[in-house]
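Between the sequences and the hints, there should be enough to build the whole structure, so can you do that?
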Amino acid sequence: MSVLVLAEHHDGILVGATAHVVAAAKAIGGDVDILVAGENVGAVAEAAAKLDGVAKVRVADHAVYAHQLAEPMGALLAELAGDYSHVLAAASTTGKNVLPRVAALKDVSQISEIVEVVDADTFKRPIYAGNAIATVKSADSLKVITVRSTGFDAVAAGGSAAIEAVDFVADNAQSTFVKQELAESDRPELAAAKVVISGGRGMGSGENFKLLDGIADKLGAAIGASRAAVDAGFVPNDMQVGQTGKIVAPELYIAVGISGAIQHLAGMKDSKVIVAINKDEEAPIFQVADYGLVGDLFEILPELESKL
Amino acid sequence: MKVLVAVKRVIDYNVKIRVKADHSDVDLTNVKMAMNPFCEIAVEEAVRLKERGVATEVVAVTIGPKAAQEQLRTALALGADRAVHVETEERVESLAAAKLLAKVVEEEQPQLVILGKQAIDTDNNQTGQMLAALAGLPQGTFASEVAVEGDKLQVTREIDGGLQTVELTLPAIVTTDLRLNEPRYAKLPDIMKAKKKPLDVKSPADLGVEVASKLTLLKVESPAERKGGIKVGSVDELVDKLKNEAKVL
Ligand SMILES: Cc1cc2nc3c(=O)[nH]c(=O)nc-3n(C[C@H](O)[C@H](O)[C@H](O)COP(=O)(O)OP(=O)(O)OC[C@H]3O[C@@H](n4cnc5c(N)ncnc54)[C@H](O)[C@@H]3O)c2cc1C
Ligand SMILES: Nc1ncnc2c1ncn2[C@@H]1O[C@H](COP(=O)(O)O)[C@@H](O)[C@H]1O
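Just so you know, the sequences run in chain order A and B.
In terms of the working numbering, the first sequence opens at residue 1 and continues consecutively.
In terms of the working numbering, the second sequence opens at residue 1001 and continues consecutively.
Treat the hints with care, since some could be wrong.
[Unchecked claim] Restricting the straight-line Cα-Cα distance to at most 30 Å, the calculated cross-link-like pairs of lysine-lysine (DSSO-like) are:
no. : chain 1 : residue 1 : chain 2 : residue 2
1   : A       : K26       : B       : K1219
2   : A       : K106      : B       : K1202
3   : A       : K194      : A       : K124
4   : A       : K106      : B       : K1243
5   : B       : K1243     : A       : K279
6   : B       : K1227     : A       : K218
In case anyone wonders, no lab produced these hints; they're calculated from the structure.
The structure is reproduced here in structure tokens:
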């Protein structure tokens, strides 16, 4: 058995999710290799080589892999997959974009967003917005899997794996990168933050999201949002937490002006401690909250900031 | 240009599901079913392309049981011109769905295929990407904006860090994200008219595709319930509890 993990990276930095995927790979067993694909990714490869339990880092460094477009990335992984029993990636927008292509090219199913490895063929994954957990067994010779980071504790970084180059260069005449607008923030990444404070439609406007800033500063928190807040244009899409947005499981999640629709709960109900602030005492969010505070967020938030 | 839209019949997004007592699956008896919300967005986008004169024909396709024709009729009421039903009572995994859709693409030769990014039952988020790979086509997944420019397609994608724009050669595959558009509701006269629009029925065998999958569903369980918490009376009490009881501050 041997597992290939696709490294998640951007701007020359290895993203934390990779260490969680390696943990899932170790739970499967066998040798674990990492593939780093991109352009000028030497530093990423070095960071990947330090992850515990990694046998080898394979580096495909070429302009065709810049921005990790799905078409060349899919071709590259399908080319390398023959050497492995499992191919894993984070259930990030990159992993979700690329891995199903690999599965289809290899004529195997994909198992999406696993949260537990039962054995090398059997995995648990949430379905129906996390309202049920399915145990699925694959009889395919190659398993193509995306991994939900919150299901696996990250491996440490004390290793020193060998780094080797991959020569395969995919052709890509079908897609080109045009531009990227990435949200700039000094705050921790949503997926990695120990504390997340999210605002919903109850925030009323994008301007009012500033009420969360002072609290986030004091707690070192990331700021998230409900779909309604994103749809209303209060905040950008990358802040959406939920079934079809980001999945978070911090030590502390504070939901402000969020009703608690199942699609939102799907993204945060594995948080260790949940606080809800809502003026409607019947709001479903209170059913999952460890501590609920009924009241007007415009009064509560400034007071909370001053008392932290 | 011809646009193909794939729509899936799923549980209505408002319904809270229950797991069967024998843990074999989720209980769907007498549960309200609907078109997958991301597929509604896909249909809307195709219909808007037609209204703008970019698309000449919109064909809706579904794979599923007889009852899935309801969702095809909805797509027709929303503005699709005709529909294709690949009828099967079997569970169809994403790979088989993608293979069937690839055959329909081969027959129909659309310039653009629009799918949802994710079906809200299995939460797979795979079919569009698999179809793209099988058909040898480029993909613009998680689209929040789509623009046809000559023989190219510009797709703005919702990615983890923000937005990314890619340009694809046509034909191409697009999967929809929530912000692509706001779907309209079908009007009664259109629902009546939809009953007369052409709907073709095929079987997986007609398309030469084996639906059986190598994935077995062993068990379906309810997730661990969170125990109900408490309501606190003031900000002071909240801060105290977080510090001294939960110890997260
Ligand atoms: C296919 C699909 C996918 C979806 N994916 C997601 C997803 O990933 N993430 C997600 O979040 N949603 C998702 N949704 C949407 C979801 O169903 C809900 O519509 C959404 O979560 C509601 O957001 P909200 O709680 O902010 O708004 P609302 O439901 O409108 O709730 C606003 C809350 O704010 C409270 N409030 C108002 N004013 C104040 C005040 N002054 N002080 C205190 N409280 C106040 C109100 O009491 C209310 O409870 C999805 C829906 C669909 C159909
Ligand atoms: N049985 C099906 N019939 C038609 N379209 C489907 C079917 N299954 C999946 N799709 C399409 O693929 C999208 C993503 O589904 P999935 O990959 O299963 O999450 C859906 O939104 C549909 O557009």
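Tested hints:
no. : hint                : in the structure
1   : A:K26 with B:K1219  : 24 Å, holds
2   : A:K106 with B:K1202 : 26 Å, holds
3   : A:K194 with A:K124  : 25 Å, holds
4   : A:K106 with B:K1243 : 52 Å, violated
5   : B:K1243 with A:K279 : 23 Å, holds
6   : B:K1227 with A:K218 : 28 Å, holds
Of the numbered hints listed earlier, the single one contradicted by the structure is hint 4.
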